[in-house]
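Please construct the entire structure, taking both the sequences and the accompanying hints into account.
Chains W and P, in that order, are what the protein sequence lines are. First residue of the first sequence? That's 314 in our numbering, and the numbers climb one at a time after it. First residue of the second sequence? That's 3 in our numbering, and the numbers climb one at a time after it.
Honestly, the hints are just simulated from the structure, not real lab data. Check the hints yourself; a few may be wrong.
Stated by the list, open to error - Computed footprint of chain W on chain P; a stretch qualifies when at least three of its residues, placed anywhere within it, have a C-beta under 8 Å from a C-beta of chain W: (1) 39-51; (2) 99-109.
What the hints assert, rightly or not - In silico DSSO-like pairs for lysine-lysine, Cα to Cα no more than 27 Å straight-line: (3) W/377 with P/99; (4) P/99 with W/368; (5) W/354 with P/99; (6) W/327 with W/354; (7) W/368 with W/379; (8) W/333 with W/377; (9) P/111 with W/354; (10) W/333 with W/354; (11) W/354 with W/379; (12) W/354 with P/72; (13) P/99 with W/379.
Glycine residues also receive a C-beta, built at the ideal position from the N, C-alpha and C atoms.
Spelled out, the chains give:
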Amino acid sequence: GAVVSQHPSWVICKSGTSVKIECRSLDFQATTMFWYRQFPKQSLMLMATSNEGSKATYEQGVEKDKFLINHASLTLSTLTVTSAHPEDSSFYICSGGQDFYEQYFGPGTRLTVT
Amino acid sequence: GQQLNQSPQSMFIQEGEDVSMNCTSSSIFNTWLWYKQDPGEGPVLLIALYKAGELTSNGRLTAQFGITRKDSFLNISASIPSDVGIYFCAGYTNAGKSTFGDGTTLTVKP
Chain W
314 GAVVSQHPSW VICKSGTSVK IECRSLDFQA TTMFWYRQFP KQSLMLMATS
364 NEGSKATYEQ GVEKDKFLIN HASLTLSTLT VTSAHPEDSS FYICSGGQDF
414 YEQYFGPGTR LTVT
Chain P
3 GQQLNQSPQS MFIQEGEDVS MNCTSSSIFN TWLWYKQDPG EGPVLLIALY
53 KAGELTSNGR LTAQFGITRK DSFLNISASI PSDVGIYFCA GYTNAGKSTF
103 GDGTTLTVKP
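What follows is the structure, encoded as structure tokens:
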């Protein structure tokens, strides 16, 4: 149980375009979903926390107008990277659960912006 | 913000050997979590620690929450090839802030 999926698993997009990443909890309801980014050989950096039906809470330094997060249901959250640039290339990982102590991570989405 | 110093950065060991890694911080944490991440995958929770001094085991893994609440260690006994991966510690504070360590990359030689 407690499976989280992400789609797509990898995506290549051109600079200036937007890309949407989906995060789904398959067999449980995720009250809270977290979005992280991870650079190669580096740690996970929390970008934002979202609770179903309310606006996401962004970490300091994360542009909320650039990284749009929607948590419309207890099983789906989306992250849209708007006007992507090469420096946005990264591994984006979502997790779902009740809170930080109990979160189940998705397999990640590799974004490459050319 | 809080920083977690995780060491060692990488380890190369022989199958069957024991492994020890730790995380330290100048900040106090309420909760310590240890995760393992395989390449191209999301992290998987290994052990959660909620109380200072707590020692918890999960199979061959043992983790402890330091008495000062500023550190934690993870031990893996009798390593096997599938232990290969990146191990992360994560701390959570009273203020609701979470921080991940930079990871320890473990390589196990058969």
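Hints versus structure:
1. 39-51: Since 7 is at least three, the answer is holds.
2. 99-109: That given contact holds, which follows from 6 residues of the region 99-109 of chain P lying within Cβ reach (below 8 Å) of chain W.
3. W/377 with P/99: Within the cut-off at roughly 18 Å; holds.
4. P/99 with W/368: holds (18 Å)
5. W/354 with P/99: Within the cut-off at roughly 23 Å; holds.
6. W/327 with W/354: holds (24 Å)
7. W/368 with W/379: OK: residue 368 of chain W and residue 379 of chain W at ~15 Å, within 27 Å.
8. W/333 with W/377: This hinted pair holds, its Cα atoms lying about 14 Å apart.
9. P/111 with W/354: holds (20 Å)
10. W/333 with W/354: holds (24 Å)
11. W/354 with W/379: Distance ~24 Å between residue 354 of chain W and residue 379 of chain W Cα, so the pair holds.
12. W/354 with P/72: holds (24 Å)
13. P/99 with W/379: holds (22 Å)
Violated hints: none; the structure is consistent with every hint.
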